[in-house]
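Engineer: Protein chains in written order, with our numbering: chain B, 456 to 775; chain D, 456 to 775; chain R, 456 to 775; chain C, 456 to 775; chain H, 456 to 775; chain P, 456 to 775.
No wet-lab data here; the hints were simulated from the structure.
Treat the hints with caution; some may be incorrect.
With a straight-line cut-off of 20 Å between C-alpha atoms, the simulated DMTMM-like cross-links for lysine to aspartate or glutamate are [as the list claims (entries may be wrong)]: (1) R:Lys608 with R:Glu751; (2) C:Lys772 with R:Glu511; (3) D:Lys772 with P:Asp688; (4) R:Lys762 with H:Asp563; (5) P:Lys561 with P:Asp750; (6) B:Lys572 with B:Asp555; (7) D:Lys693 with R:Asp688; (8) B:Lys772 with R:Asp668; (9) C:Lys559 with C:Glu511; (10) B:Lys693 with P:Asp750; (11) H:Lys772 with P:Asp688; (12) D:Lys572 with D:Glu595; (13) H:Lys772 with P:Glu700; (14) R:Lys599 with R:Asp668; (15) C:Lys562 with C:Glu746; (16) C:Lys599 with C:Glu698.
Number of protein chains: 6
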Amino acid sequence: MAHKFISKIEPGEPINDIYMIRDPILRSTTRGDLYIAMYLSDRSGQLNGRMWQATETIYKALPKPGFVHIQGRSELYQNNLQIIINNISVVDVSKVCIDDFLAKTKKDIGQMFEQLKEMVSRIQNPQLQVIVKAFLADEELMEKFRNAPGGMKLHHDYIGGLLEHVHNMLRVAVAILPLYPNVQEDLVLAGIFLHDIGKTEELSYDMAFSYTDSGQLIGHIVKSILMVNQKVDALRAKGTQIEQEIVDSLGHIILSHHGAYEFGSPKLPAMPEAFMVYYIDDLDAKLNLVELAIDEEQSDSNWTAWKNALQTRLYRKRIL
Amino acid sequence: MAHKFISKIEPGEPINDIYMIRDPILRSTTRGDLYIAMYLSDRSGQLNGRMWQATETIYKALPKPGFVHIQGRSELYQNNLQIIINNISVVDVSKVCIDDFLAKTKKDIGQMFEQLKEMVSRIQNPQLQVIVKAFLADEELMEKFRNAPGGMKLHHDYIGGLLEHVHNMLRVAVAILPLYPNVQEDLVLAGIFLHDIGKTEELSYDMAFSYTDSGQLIGHIVKSILMVNQKVDALRAKGTQIEQEIVDSLGHIILSHHGAYEFGSPKLPAMPEAFMVYYIDDLDAKLNLVELAIDEEQSDSNWTAWKNALQTRLYRKRIL
Amino acid sequence: MAHKFISKIEPGEPINDIYMIRDPILRSTTRGDLYIAMYLSDRSGQLNGRMWQATETIYKALPKPGFVHIQGRSELYQNNLQIIINNISVVDVSKVCIDDFLAKTKKDIGQMFEQLKEMVSRIQNPQLQVIVKAFLADEELMEKFRNAPGGMKLHHDYIGGLLEHVHNMLRVAVAILPLYPNVQEDLVLAGIFLHDIGKTEELSYDMAFSYTDSGQLIGHIVKSILMVNQKVDALRAKGTQIEQEIVDSLGHIILSHHGAYEFGSPKLPAMPEAFMVYYIDDLDAKLNLVELAIDEEQSDSNWTAWKNALQTRLYRKRIL
Amino acid sequence: MAHKFISKIEPGEPINDIYMIRDPILRSTTRGDLYIAMYLSDRSGQLNGRMWQATETIYKALPKPGFVHIQGRSELYQNNLQIIINNISVVDVSKVCIDDFLAKTKKDIGQMFEQLKEMVSRIQNPQLQVIVKAFLADEELMEKFRNAPGGMKLHHDYIGGLLEHVHNMLRVAVAILPLYPNVQEDLVLAGIFLHDIGKTEELSYDMAFSYTDSGQLIGHIVKSILMVNQKVDALRAKGTQIEQEIVDSLGHIILSHHGAYEFGSPKLPAMPEAFMVYYIDDLDAKLNLVELAIDEEQSDSNWTAWKNALQTRLYRKRIL
Amino acid sequence: MAHKFISKIEPGEPINDIYMIRDPILRSTTRGDLYIAMYLSDRSGQLNGRMWQATETIYKALPKPGFVHIQGRSELYQNNLQIIINNISVVDVSKVCIDDFLAKTKKDIGQMFEQLKEMVSRIQNPQLQVIVKAFLADEELMEKFRNAPGGMKLHHDYIGGLLEHVHNMLRVAVAILPLYPNVQEDLVLAGIFLHDIGKTEELSYDMAFSYTDSGQLIGHIVKSILMVNQKVDALRAKGTQIEQEIVDSLGHIILSHHGAYEFGSPKLPAMPEAFMVYYIDDLDAKLNLVELAIDEEQSDSNWTAWKNALQTRLYRKRIL
Amino acid sequence: MAHKFISKIEPGEPINDIYMIRDPILRSTTRGDLYIAMYLSDRSGQLNGRMWQATETIYKALPKPGFVHIQGRSELYQNNLQIIINNISVVDVSKVCIDDFLAKTKKDIGQMFEQLKEMVSRIQNPQLQVIVKAFLADEELMEKFRNAPGGMKLHHDYIGGLLEHVHNMLRVAVAILPLYPNVQEDLVLAGIFLHDIGKTEELSYDMAFSYTDSGQLIGHIVKSILMVNQKVDALRAKGTQIEQEIVDSLGHIILSHHGAYEFGSPKLPAMPEAFMVYYIDDLDAKLNLVELAIDEEQSDSNWTAWKNALQTRLYRKRIL
C-alpha cells in the first residue's frame, strides 16, 4: 500500500501508516490526565501528533527519534492539522521504505561514483594523488559521501545530492580545463572532489535532513579543511612527504569556494584554480536550484513564486 | 628602429620618435611667449609635452588628436617626466605602426571569428538564427566587433579582446551545454554572441582606448539591447516574423549578464540561460584578469600587489 | 446593488455578485468527482473559489481570465476563506462596473492630459520637440499612457496613476526650473514626460494590475529607452535629423532616474538634468506613498503600521 | 597689486605678499640652528613655509594662526613647493583683503536674507512663528548665519553658502508647496530655515574654513536640534507656551533631513514634511555640487574628472 | 487566585479576570446591533475582545486605555483566539497586581540604585561631578530611571531593565578601567550613567511597554543629549561654570554609543572613552539578549530558534 | 653609535649603517653596465638602494633577505629618496641590534607570560585543561607565541604584541566573568588563550613583519582551529578522551571571534562565551589602535589625521 504523505493528508482522514517521530514529550492536561505530544513527519512535511490517555510506559517505549506505526485520524486544531493517535507501535528501520522519508537523487549513485573516480584519476601530481586516494580508500567516509545531501534546502537537497553535485562539477571542469591551459588542472580536480567533503559531517540524513551540532558550530567549509589536514597528518605520520604549499593551496580553494565573505568564505579566491572551483560550484548549484524551483511548482503561470535566494521570480516558460 | 615606449623613457634622454598627440593647447607664458602644452602617449603610457617658442601656425597644424613625429628630450619637472619638444611634424596614420599604440590579442582574429561563426551556426531556432545572421551580415559592425577591446581595463583590454572573450565563452558553452540538458542551447549561444555587442559603440579604439560620450551616458549593456531591438525592428520591417518573447528573452540575458544591480545590471537573472551566460562571462573575465595580473608584474614575490577589483593579492607561484 | 467587496466577505455569507476569475483548473477528487478550482478577485483582494460537481462543459466555458457572476456562499477552510460556488456564468466586460476591479485616480484624466500637453509645449529645442510630438501623436500609446497605473504597489497604484505622477512632476519642474538657470529646461521636461513611458508596456491593467512577461524580463526603465529609440529611428527613417547626443542625453536621464544601482538604474545621474528628474520623481513618489499609507489605515493611533519600503512607521497626526 | 594666489605660484618665483599662517613651530637643525616651519595659505591652497636663521623672538611674535606679510622665494623640495622666507611681519586683519582668503557667495547676502525673512513670515502657526522670530531676533546668531559656509567641501563651501542654500531651498518650497496641499506648510518653512542652523557652530570661517572641536564631536544635525530646544526652553522660561509635539516635529525634520542612517541622520523621515525638506535639501545641494564641479575644471573634455561623492564623472557639454 | 495569563488561554475556557484594555471601539453589525471591539492584554500577550449587545453607556465608561474585569469565555474565530465578553467593569489601578502586566527585573532595584550611586561617586572631576549630581538630585527623573525598561524588545525589556543594564555596565567599567590607564575614567562613568537616560522619555511603561510619540520622533540617543544639555544650561544659569569641551565630550559619548551609523548613532566613536562605553554597552546588551533567548524557549533542542537580530540560532547546551 | 633610521634620512646625507636588504636584483643599464637594485629597510621604513658598477660576485654574496652594512649616500631621484651604495658587506644577525628592525612591546614578555599561565590555570574542566596544557608544553610554539606581533598594522603590531593582547584580554575576562555567572568561564579563558594562536604561523617576524604564504592562503582564524584540532588529535592518539562538543565549542569561539562575515569570521557567535570573547577582543584591539594612533602623531592639533579603519579622526585632547 502506498505511503500516505503528510502533505496530502486532509482534515478528518483516518490514518494508518508509518511516520517518523521526533521530540515526544509526556505532559499532563489541566485535569491531570497524561498525554504525549510529538512531531510526525515524512519527506513531504511534518505535523503535530497528540496521543491522549497516554501512559508513562507507552512514552518510554517511543524512539526519540525513530519510526512508528500510527493508527488514528487527522483533525484541524487552531487552524493547524494534527494527528490524534489511538495506537502507536515502534517500527524497526529495516521495515521502513526509507524513500518515503528522504528524497533521493534520480541518478545512479554507483555509476556517478565510478565516473568520479575515473575523473579524479586524471590527477598527475603524486602528492595530490596520494591525498585523493586516501579519501577514496576511506570506505566509511565514502559511504557517507555517496549518500549525503548537497544541502538542507536550496540545491541538491536529497540523498546522493552531494555526489551528484561533485560529479557534475568534475564533468564541467574536465570539459573546460583544456580552454584554460594556465590553470593547474590537478588542483582544480582535487579541489572540486574535496570542497564540500565536510558536508558529510555537517548534515545528518539517516531519517531526515538536519544539521549536526558540530555542523552548526563549525560549518562545512572549515569541516572540509579540517578533514583534509587530518588526512594529510595521518599520511605524514606514515612517512609520506607532502609539501605544505600543496596542502595550503588545496585548503585555500576549499576556504574560498563561496567566493565572498558574506557567504561564509573566510578567504577570497587568490589563485586561478580557486576562481574556477568557485564559479563551477556556483553555476552548478544555481542551475540545480533554478531547475528545482521551476519543476516543483504546479501552476500554469509563466513565472514561479518569488525566490528569496535569487531576489527574483523565475521565468518558467520554454520559449523555443 | 624599435619604438621608444613612453614607459621606458628616463629623464634626460634624447627623443626622436612617433607618438600620439591629444588635447594640444596654445598658451602664453607670464612673459608673453607662446608655447604649446599637449599629451603624448603610446600604449605603454602618457606624458606631458611642452613646445616652447611655438607659433599659432604650428599649433593649427597639429591633429587633435592624431600622430606626430617628435624631436626633443625628456626632462624631470616637479617630479613628473615631461618631453621638451624642439621639432614636431604631423604623421599620417598609414605611416604608423599601430601596434605600438594599441595592445592587441595574441590570438588569430580571423581564425577566432571563423570558429565563432561555426559555433553560432549550431543555433536551430529559425528566429534566433535570423537575428544572429543579420548581425553577422552587418560587415561594418563585424569589423568593429573583431577589433574592439573587451574593456578599458581589468580584462581583455586590447584590440581583439572582445572577440577573444566572446569566442572563449562560446567554447565554454559548447563544452558544458550537454551537461545541462534543460537549458535552451540556442538562447545561450545567441546570448553570448550578443551580450557585449554594445561595446563596439561604448568604446573607441582607433588610436587609444577611451569611452565614447554615448558609451558613458548609456553603457554597453543597454547599448547591446538597443542594437538587438534595432536589428529586430529592421527584420520585422522587411516582413520577417519574430516573436516578442524571443526578443525579450534575449534582451533579458543581455540585461542581467552582470548578475547584480551594483555591477550595472538593471535586471537579475531569471532564466536558466541567463544564469549560464552570467557565470560563463564572469568565469572567463576573471580568469583573464587573474592571468594578466600575474603576468604583468615583474617580481620574484610569490604574490602580486593588492588587486582592488578582487579585494586580495594573488598567489603567483605555480606549485605543481 | 453595491458590489460586495472581497475584503468585506465574512465566513458563512451568501454570495451573489460579479468577480474576476483567474487560472481556473479542472481537477478530480480522490473519489473521482470533477471540480473546478479558481481564483476570484476584485480590487479589494482575492479568494479561492471551488465549484464541486463541475463538468468539463462548464470548465471550457470559463474565461481565463475574465468576469463571472457567482452564486454560492463563503466558508472557512483551513483558516482561509473560500467561496463555494453553486452557479457560475460568464459576464461580458461591458456589463461590469470596472471601478469595482481597478482603483482609479481621483483627479480628472482629461484635464491632467491637457495640462501635460501645455507644459511640454514649452520645449523650445526643435529636435526634442519633434520627439515629444511623435509620442503625443501616437494615440494608441497615449490612450495607454492616460490609463496606466504608476506602479503595482507603493505609489500611484491606480488607473491614471502614471499620468497623475508625470503631470505632477511636470508641475514641480515648471515651478522650480526658474530657480536653477543652468539646468537645460527642455531636457528636464522631455525627460519627465518620457521617463516612465515603458510602464505602459511593463504593466497590464485591463482587469487587474499585473506585470507583463515582457515587463518582468526587461523592466520599465529599459522599456522606456527602447521606445524612445524606436520613435527616433522612425523619425530618422522619415528624414528628420536628430543628433545622437540629444537622444543619448534623454536616454541617460531615463536610465539614471532611479538614482542608484540597487533600485535598478544601470547608470548613475551624470548631468544636472538627470539629477533634477531623479529628485522630482522620488519626491513625488514618496509623498504619494506617504499620503496613501496615512490615509489607508483606519485607526486612532498617531502612527501607521511599519512601512517596509520606508523602514519606519509614519506619524499620522496633524499637529498644526 | 593683485594677490599672488598659492595655486599660481611656480618654483623659483620671488614672493612678496600676505598669507595666512598656521601652526608655526620653532625647531633646530642637526647643526643646532633655529628655524621656523609653518603653513602658509590663502583660499586657493596651502604650502609649507621655512624661515632659516630664525630666532625665538621672531617666533613668539607670530600669530597662531593669523596673517603675515612674507618676503622670500618659492622653491621645490622633495617635489613639493615650499616658500623660503627672508622676512616675516604680522599684518592686522583690518589690512587684509579677506576675499583672498575665503571664497564668498556671488549673490547678495543682504538681499537673500531679506527675502528669507519674507518667506518665513508666511508661517501662520503662532508657536512656530514665535520660535522662528526668536532666531531672527538673535542678531549675533543671524550674523553668523549670514556668513557661514554651507559646508567644508562638496557644496556651498563659501562665505554666505549656508544662507544661499537655505534661501534657495525656501524658494523651492514656496514654489511647490501649493502642489502638495496635504503637507503642513509652516513645518516645512520652519524646518528649512533651521535644518542646518548648527553649521554656525560646527564650522569656523574667520580666516579659513575648518571644523570646530564641538562641531566634530557633535555634528551640525544634533547641534541644530540642541539650538532649537535651547531657544524653546528660553521662550518657555519667559512664559510662552509651546506644545511639545511641535518642538518634536521640528526636531524630527532636522534629525531626519539627511534621509539615511549612513549620512548621519539618527532618524529616518516619518512625516510628509520631513520627506519634503530632505528632498529639497538634497536636490539643492547636489545641483550646486554638480554646477561647481562642472565650472571648476578647465578642460576641453566633455566630461569632468571622476567625482567620488557621486560615483561618476559628469557630462559637461551643453547639448541644446 | 492566580492571574490567568493571555498566553495560557485555550479555546473554550471561561474567563473571569483582570486585563488591560486598549483601543475600544463602538461598532454596529450589519443588522444594526451595537458591539464593542477592543484589545485585551497582560504581559504575556494580547487578544481581541468582543462584547456583543453593548450600549453606548458601557462604551463610554471604558478606560482608553486602562484595566477592566472581564467575565466571558474564549473562542476560536478565523483561527484566532478571541474573548467574548458578557460582563465588563472598570478596575482601579490600585487594585491591580501590576506585575501581571509588566515584566520586572529579578534584581533588587533599590540595591542596584545604591550601588550605582556609589560607583558614580568615584568621579573626581568637579564639573562632571556637578552634572551627575544634578541628575541624581532630580528625584522625579530618578524615579523614572529606576523603573524604565532597557528596551521594547531584544534586551532588558522589563521594569527596572534600564537600571539593571546601567548598573551592570558600571560594574564592568569599574572592573576593567584599571587595565586601561590612559582612558579617562570619569568620562566613562558619567557616560555610562547618562548614555540611555533618554529612554525615560522614549518609552512609556505605566501599563504596558510602548514608545511615546516624542520617543519615536526623536529617539533616545538624541533625547539623552538634549537632557544633558538642558541640565547643563540650568546649572550654568545658576552660575556653575562648566566647560563646553566637557559637555561636548559627554555628548559625543552618548551620540556614538551605538557604534555605527546604521544603528542610529549620528557620530562614530572618536575618543577612547567613547569606544569603551560602546563596547561595554554592546557586550552587556548582547549577553542579556542571549540569556533571555536561551531561557525563554521550552524545548529539548540544543539550539534555539533563529534569532533575527543575531543572524543565527543559539547553542543552548551547557557543555562543561 | 645610534642607528640612523630610514625615516630620518634626508637627501644628500652620507650613509654608513646596517640595514635589512630584500629582493636584490642584478640588472644591466642600457649601456651594458651591471648594477644591483634592492630594498633597504629598518623598522621605520624602506628605501630603494642602487649599487652601480656592481659585479656578479658581489650580487651572489648578498643575503636574500638579510642584513648588510652600507656605505654610500642618499639622493633624490624622481622625487623618491634612494640610497647610492659604494660599499656593501654582509652582517651576521648576531651583530645586529634587532630592536632597530622590529618594534617591540614596552611590557615585560616574561612577566606577561607567567601571568597568562596563572590565569589559564583557573580552568577547572579537565578536558579543556589538558588541551591548554598541551599548548603550554609545546615550548617551540610558546617561544613563537611570546614573540609574535598581534598584527601587521592597526593594533599590537610589534614583537610581543600577540602576547600583550592575549594577556590583557585574559585580565579583562577575569575581571568581568564574575558579573556574568551564566557564562562558562573555562571556555572563555581557553578561547581567549587560543583565539589567535594561528598568528604564530600567519606572520613572519624574524627580520621584519610580513605574511607567510600559508598565512595569506589560509588566514590566522582557520590556522588557529587547525592547530587546536591537531593538538586534540595528538592527545587522543595518546589515549586522552576529549569530547567532540568541547572541541567544537572551542573551535566555534575561534571561528566567530571577528564577529561578522565581512571581517573574515565564517561563523557568527552563537554561544554566550563566543560573544564575550568577540567583544573583549574588539575592545582591547580598538583601544590599543586608538592609543597608538593618538601617540604616533606629532602635532599640536586636537585631532589626529583621518583613520580609515575607524572612519573618523580621533580627538586627542585630554579634557579632564
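Engineer: Now tell me if each hint is right for this structure.
Structural biologist: Verification of the supplied hints:
1. R:Lys608 with R:Glu751: 13 Å, holds
2. C:Lys772 with R:Glu511: 67 Å, violated
3. D:Lys772 with P:Asp688: Status violated; Cα separation ~31 Å.
4. R:Lys762 with H:Asp563: 39 Å, violated
5. P:Lys561 with P:Asp750: 14 Å, holds
6. B:Lys572 with B:Asp555: Not OK: B:Lys572 and B:Asp555 at ~30 Å, beyond 20 Å, violated.
7. D:Lys693 with R:Asp688: 15 Å, holds
8. B:Lys772 with R:Asp668: At roughly 10 Å apart (the allowed maximum being 20 Å), R:Asp668 and B:Lys772 satisfy the hint.
9. C:Lys559 with C:Glu511: 37 Å, violated
10. B:Lys693 with P:Asp750: Violated: B:Lys693 and P:Asp750 sit about 53 Å apart, past 20 Å.
11. H:Lys772 with P:Asp688: This hinted pair is violated, its Cα atoms lying about 24 Å apart.
12. D:Lys572 with D:Glu595: 16 Å, holds
13. H:Lys772 with P:Glu700: 10 Å, holds
14. R:Lys599 with R:Asp668: 17 Å, holds
15. C:Lys562 with C:Glu746: 15 Å, holds
16. C:Lys599 with C:Glu698: Given that 20 Å is the threshold and the Cα spacing comes to 28 Å, the pair is violated.
Checked against the numbered hints above, the structure breaks hints 2, 3, 4, 6, 9, 10, 11 and 16 and satisfies the rest.
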